[in-house]
Amino acid sequence: SCIIEERSFLRCEDLVYGRMSFKGFNPEIEKLMIQMNSKCKEEKIEEDDKMEADVSDEEMARRYETLVGTIGKKFLRKRDQRVLKDDDEDEDDEVEEGNSNARPSKRAKKMFLKPQD
Amino acid sequence: MAAERGMAAEALVGQVVLPGDLLLLPAHYDEDAEGERLRLSAGTAPQGRLLCGPGLRRSGAGLLVTKCGLLRHRPGGGGAYWVDSQQKRYVPVKGDHVIGIVTAKAGDVFRLDVGGSEPASLSYLAFEGATKRNRPNVQVGDLIYGQFVVANKDMEPEMVCIDSSGKSSGMGIIGQDGFLFKVSLGLIRKLLAPKCEIIQELSQLYPFEMVLGMNGRIWVKAKTVQQTLIVVNILEACEHMTAQQRKQALAKLSGN
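Protein sequence lines correspond, in order, to chains A and B. Note that UniProt numbering gives residue 111 to position 111 of the first sequence, counting from 1, and the numbers run on in steps of one. Note that UniProt numbering gives residue 78 to position 78 of the second sequence, counting from 1, and the numbers run on in steps of one.
No lab work stands behind these hints: they were computed from the structure. Quick reminder that beta carbons are idealized off the backbone N, C-alpha and C, glycines included. Don't take every hint at face value.
[Stated by the list, open to error] The list that follows gives simulated cross-link-like pairs (lysine to any residue, SDA-like), each with its CA atoms no further than 20 Å apart:
(1) K88/B - M241/B
(2) K67/B - V13/B
(3) K31/A - S165/B
(4) K190/B - L10/A
(5) K223/B - E30/A
(6) K88/B - A193/B
[Said to hold, decoys possible] Pairwise CB distance ranges (calculated):
(7) I4/A - M7/B: 21 to 31 Å
(8) E28/A - P19/B: 41 to 51 Å
(9) P27/A - Q204/B: 11 to 21 Å
(10) G24/A - G141/B: 25 to 35 Å
(11) G129/B - E5/A: 31 to 41 Å
(12) K39/A - N152/B: 23 to 33 Å
(13) P194/B - V68/A: 54 to 64 Å
(14) E58/A - D113/B: 53 to 63 Å
(15) K252/B - P27/A: 25 to 35 Å
My request is simple: use the sequences and hints to build the entire structure.
Rendered as structure tokens:
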């Protein structure tokens, strides 16, 4: 085992916190005294309380699902946006076709077209 | 030159030691220093490392005393030995909470007088909630309670008023009014001991507020000037009074 040299009295003795208030002169410091001295006795239990969420996890997941679609539309190129808008205006049956038409065209655009001899 | 044989450290706990005394530590520390033997039985060897506190220095087989005073020992946490000495002059030590007086503002940095050989520096960003635009309102002559973050003999000491998690936890500018005075370092440590009688007896007298700095400075504030001065006089005198005299003095005051 090693011997550690230490120049501070704080690590050797068990000293209380230097700021004190008595008989309610400064209520904030009295609260601090209790907090600091209980920290010394017990081991530090910091950050146990999680912030209470305003929105529950399930609702957050649901909203996020729909959110991804909405934000994704924002980054479509102009032609695709027009196609989507027409689809939205049409009835629901055609929406799927429109969508399916849009997607293969997207895929086709992305793939490298070999020159046809 | 006769080589002095050291005495066992445990025998001298609570007794006066002088500089130059050699304290021998129990055998298992030496064995571990020589060869790294694995201890299969967790019987006698204390776990953890020995803390060699202020006033002691490591030297070969044992500890060499460098200051005169009483030898103290703490058995918990691997054990610690230190010398309880008396002095008035403070030497900055890392981690100590001290009261400093602002002497100058140099651009972004304040110079504080902490009673050491050099003025300490304190950056304006080292306060809770301070940003480049939101500067703390510190004037020359203010009192500041902070802790040392750098304090060795080669560099200028630096202070901060926040702890490692970014909270101020009581540090920062000490408010208006009140009285600042200086006592010896030994008294401060006595007052900061858990369950100090002096503090308990004083707290029964009047409502007041007190800040103790490890550099020997105490700041007291009570409701009236007279009460403040009474507390100051008791604190200054209690170093040289016995417990009985102190209780008599306090009884007289509470009777008034």
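* Which numbered conditions among the earlier hints are violated in the structure presented, ordered from lowest to highest? -> Violated hints: none at all, because every hint is consistent with the structure.
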